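A.B. asks: Here are the chains, one letter per residue:
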Amino acid sequence: MSALRHEEAHAVGFLQYCFGEAWLSLRRRWRVASLSTALLAGAVFVLAAALVGSSQLRDVTSRMTEAAELSVYLDQPPDAGVQAAVEAAVRRASVVRAVEVLDPQRATERFLRDFPDLRDVLTSLPERPFGTVVEARLAPGASEAAVDQLVATLRATAGVDDVVYDREVLSRVLLTVAVAQRLATALAVLLALAAGVAVAAVLRLSYYARRDEIEVLGLLGAPSRAVSGPFVVEGLLQALAGTIVAVLLLRVAMWSIWRGPGASWAAALELPDVPFLTWQQLLTLVAGTLLAGAAAGWLASREVAR
Amino acid sequence: MIALESVSKSYGDGADALRDVTLTIGKGEFVCLSGPSGAGKSTLLRLLLREEVASAGRVRVGDLDLATLGRDARQTYRRTVGFVFQDFRLLADRTVFENVATVARVMGVPRSQQWRRASGLLQQVGLQHRMDAYPLQLSGGEQQRVAIARALMNQPVLLLADEPTGNLDRALSLEVMETFRAINAGGTTVLMATHDLELIAYVNRRVVHLQHGQVVGDGGRP
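Protein sequences appear in the order of chains A and B.
First residue of the first sequence: 0, per numbering that gives the first Met the number 0; consecutive thereafter.
First residue of the second sequence: 0, per numbering that gives the first Met the number 0; consecutive thereafter.
Warning: the hint list may mix true and false statements.
Stated by the list, open to error - Quick partial rundown of chain B residues pointing at chain A, CB under 8 Å, derived from the structure: (1) L47; (2) L48; (3) E50; (4) V52; (5) G56; (6) L68; (7) D71; (8) Q74; (9) R77; (10) R78; (11) F82; (12) R104; (13) V105; (14) G107.
Source of the hints: derived by calculation from the structure; they are not laboratory data.
All values derive from a computational prediction rather than experimental measurement.
Don't be surprised by glycine CBs; every beta carbon is placed ideally from N, CA and C.
Whole structure, please, built from the sequences with the hints as guidance.
C.D. replies: This is the structure in structure tokens:
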């Protein structure tokens with residue numbers, strides 16, 4: 000007679016055992032498991048939102064960079080001599096690709112087209128706030144130094160009220176965006192760490208609750224994978240649930256914002272539709288989270304078993 | 000089959016549980032380990048399960064030197080051994096069926112196969128009608144029979160039993176002995192620790208007597 004060691008056991012049966020045990024454990028400790036899953040969902044939500052925001056801001060800033068303009072606002076009342084001198088100086092500059100002159104009427108119309116929400120404010124003013132504007136579209140390869148020199152020259156010209164250079168605004172925007180991205184990433188990392196600790200703690204609790212059973216399993220000859228398997232699956236299930244909740248919440252949140260308060264911003268920034276994660280980003284996010292959940296389960300079982 | 004060569008086992012407090020024990024048990028033998036409490040019977044069985052390692056000497060089972068087994072090899076070895084624990088070690092939140100089929104379950108053996116084997120064993124120990132009960136719903140004797148069925152689940156080549164009839168009445172004890180005899184007749188080596196002299200007499204096989212951690216008698220009959 001030889002021992003029946005079950006070495007021929009099926010992988011499917013083993014997976015069923017792991018999922019069954021993990022599900023049972025989650026049901027038994029559903030309160031703490033829900034808490035850690037919620038924390039995990041929060042971390043994934045922030046990370047996914049940061050990813051979406053980064054992608055969209057990259058698109059917007061890229062378009063803004065390509066369409067960088069230099070606007071020269073002339074003093075009121077209009078002076079034909081000043082306008083001609085400024086226009087000539089701008090046209091002469093090698094960094095300028097095209098020039099357009101807007102009289103006060105057209106300048107006002109363009110402002111109202113870009114910012115329709117401010118129509119009431121503008122019409123309530125006693126006099127029209129805009130004078131003539133000379134707008135220059137810069138050549139794509141224009142050097143920053145050359146443009147800075149042109150801006151300085153124009154600002155020093157008599158009859159010029161102000162010179163607005165998009166790239167100056169753009170660099171401020173880019174700086175703000177970079178800071179915001181770093182903050183979001185730091186927050187996501189912190190939340191991910193907190194979620195990891197929470198998931199590992201739940202799994203450790205689960206391990207301690209099954210300590211007697213695990214000891215008996217060991218004495219009966221159960222292989223290590225039979226002990227760590229259910230914990231890995233438990234981590235996976237929590238990670239999966241957290242990711243699904245986070246992605247759904249983000250989708251709903253973005254849809255609500257884009258249909259509500261974000262609609263005018265979307266129009267101003269010429270965003271075609273509600274932006275969301277690409278499939279690649281989504282797959283990376285899911286794979287990363289599942290891997291982290293499985294690792295937390297495996298580490299928890301190894302750490303306590305030591 | 001089993002060879003203990005000058006085996007000693009001492010614990011941190013300096014107490015010697017076993018002292019210079021040399022013992023050989025052949026394949027297919029049925030051996031009773033007798034002796035008073037504290038004689039070292041349970042320690043010897045734990046060494047053979049590789050739950051503990053000898054402080055000195057060598058414990059061999061078949062071709063295996065148990066002290067040299069790594070974790071995976073140790074677990075594989077344990078799956079060839081059936082062990083009836085003195086305190087049963089049943090899982091309180093699992094049914095009788097799940098307890099008996101524990102190892103098969105964690106190895107992913109299809110449930111139909113688990114069921115077939117476990118129900119046969121439970122019928123053998125007279126508990127087929129309690130398959131869905133939980134251990135705490137059973138009497139001490141019933142729990143012990145579940146532990147015996149679990150030990151036999153893997154068709155072990157070596158069956159180790161630590162006071163397997165401690166909670167059973169005489170009639171059930173004799174039934175369990177008949178079960179062990181049947182298992183032994185199939186080729187499984189049986190090593191049973193007990194201090195019940197009547198049972199030893201009933202079994203009527205080789206008896207190794209331990210006292211103060213030493214073998215003081217090794218003979219065919221009590």
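A.B. asks: Look at each hint and say if it fits the structure.
C.D. replies: Evaluation of the provided hints:
{"no.": "1", "hint": "L47", "result": "violated, 12 Å"}
{"no.": "2", "hint": "L48", "result": "holds, 7 Å"}
{"no.": "3", "hint": "E50", "result": "holds, 6 Å"}
{"no.": "4", "hint": "V52", "result": "violated, 15 Å"}
{"no.": "5", "hint": "G56", "result": "violated, 22 Å"}
{"no.": "6", "hint": "L68", "result": "violated, 12 Å"}
{"no.": "7", "hint": "D71", "result": "holds, 7 Å"}
{"no.": "8", "hint": "Q74", "result": "holds, 5 Å"}
{"no.": "9", "hint": "R77", "result": "holds, 3 Å"}
{"no.": "10", "hint": "R78", "result": "holds, 4 Å"}
{"no.": "11", "hint": "F82", "result": "holds, 7 Å"}
{"no.": "12", "hint": "R104", "result": "holds, 6 Å"}
{"no.": "13", "hint": "V105", "result": "holds, 4 Å"}
{"no.": "14", "hint": "G107", "result": "holds, 3 Å"}
The structure is inconsistent with the numbered hints 1, 4, 5, 6, although it conforms to all the rest.
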